[in-house]
Amino acid sequence: MDLSAINPILLLASLMVAANPILLAAIGELVVERAGVLNLGVEGMMITGAVCGFIVTINAGSPLLGFAGAALGGALLALVFGVLTQVLLSNQVATGLALTLFGLGFAALLGQGYIGIKAPVIPKWPVPVLSDIPVIGPILFNHDPVVYLGIAIIAGVWAFLRYSRAGLILRAVGENHDAAHALGYHVIRVRLLAIMFGGACAGLGGAYLSLVRVPQWTEGLTAGAGWIALAIVVFASWRPWRLLLGAYLFGGVTVLQLNLQAAGMAIPVAYLSMAPYLATILVLVMMRAGRAPGSLAQSFHASR
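For the sequence shown, the working numbering assigns the number 1485 to the initial residue and increments by one for each residue that follows.
You may find that some hints are simply not true.
Stated by the list, open to error - Using C-beta positions, here's what the derived DEER-type ranges look like: (1) Q1700 with L1548: 16 to 24 Å; (2) I1672 with V1698: 34 to 42 Å; (3) Q1596 with I1617: 41 to 49 Å; (4) I1601 with L1633: 41 to 49 Å; (5) H1670 with P1618: 49 to 57 Å; (6) V1605 with V1567: 33 to 41 Å; (7) L1563 with Y1669: 14 to 22 Å; (8) P1607 with W1725: 22 to 30 Å; (9) I1493 with G1668: 49 to 57 Å; (10) S1783 with K1608: 41 to 49 Å.
Note that these hints are calculated values from the structure, not bench results. Glycine is no exception: its CB is placed at the ideal position from the N, C-alpha and C atoms.
Take the sequences, apply the hints, and build the full model.
Structure representation (structure tokens):
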């Protein structure tokens, strides 16, 4: 095994890229859960976003339109979940699982004619001056624009939840929907908007896989990324900046196992491939999560 072949700067820079799909999906789910809704359909929304973004990009020739299409596809699928759980009051856990199964099948159907096609390359956007800083520049400031977008969304969600009146209302709905309703807030509307935002973020995460990480369409492309995103929300105790650390932890283990494979480590590839998921499970076992929103996964009856 030749560890000298592993470039630590490239390793750390790749960590941010590997973490980005999980980060995008997880921050969307965090907002959904802070509104008191548990959506287990993240995997289905991610892969729907992946195929929608890929199809739009190939046909329109624009990755920007592709990401917009992915966000729209994820948001529309999430809206179906929202109507079923918030208006028709179906069980959130069962509906979320059904959403994942539907998304996987629907994406496989839509992507039949696109298997093996390569997506156009999305160029990096080096940040002027900052990208020239030794060591730190190549790690933090020499990425494609969607990596910066993911960090911006984290910062925006943190500021929204902490400082805005709308964020306070969303947190109030998540903590006690009956009290929020008694104060005159429209609980169902708030939750539907949060659910659609979560779906749009999951769609962006899926599109990042099919347009940047791979970049091509294959069935089962997400490979459990949506479930990891759900776990990271719990690990983060529903806090945006802690979620960023959790996503980077998973991304770091993912990149490390790929580099160890390339270096010829004398461990079967299957064991190395399991490493990111095992690390996530171990972290969840070792860390005690914070208190979940009080109304999480509870249906709201407007007549009450």
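Hint by hint, here is what the structure shows:
1. Q1700 with L1548: 16 to 24 Å: At roughly 19 Å between Cβ atoms, L1548 and Q1700 fall inside 16 to 24 Å, so the hint holds.
2. I1672 with V1698: 34 to 42 Å: At 38 Å between Cβs, range holds.
3. Q1596 with I1617: 41 to 49 Å: holds (46 Å)
4. I1601 with L1633: 41 to 49 Å: violated (25 Å)
5. H1670 with P1618: 49 to 57 Å: Holds, at about 53 Å.
6. V1605 with V1567: 33 to 41 Å: holds (38 Å)
7. L1563 with Y1669: 14 to 22 Å: holds (20 Å)
8. P1607 with W1725: 22 to 30 Å: holds (29 Å)
9. I1493 with G1668: 49 to 57 Å: holds (54 Å)
10. S1783 with K1608: 41 to 49 Å: The hint (41 to 49 Å, Cβ to Cβ) holds, given that S1783 and K1608 are roughly 45 Å apart.
Of the hints listed earlier, the one the structure fails to meet is number 4.
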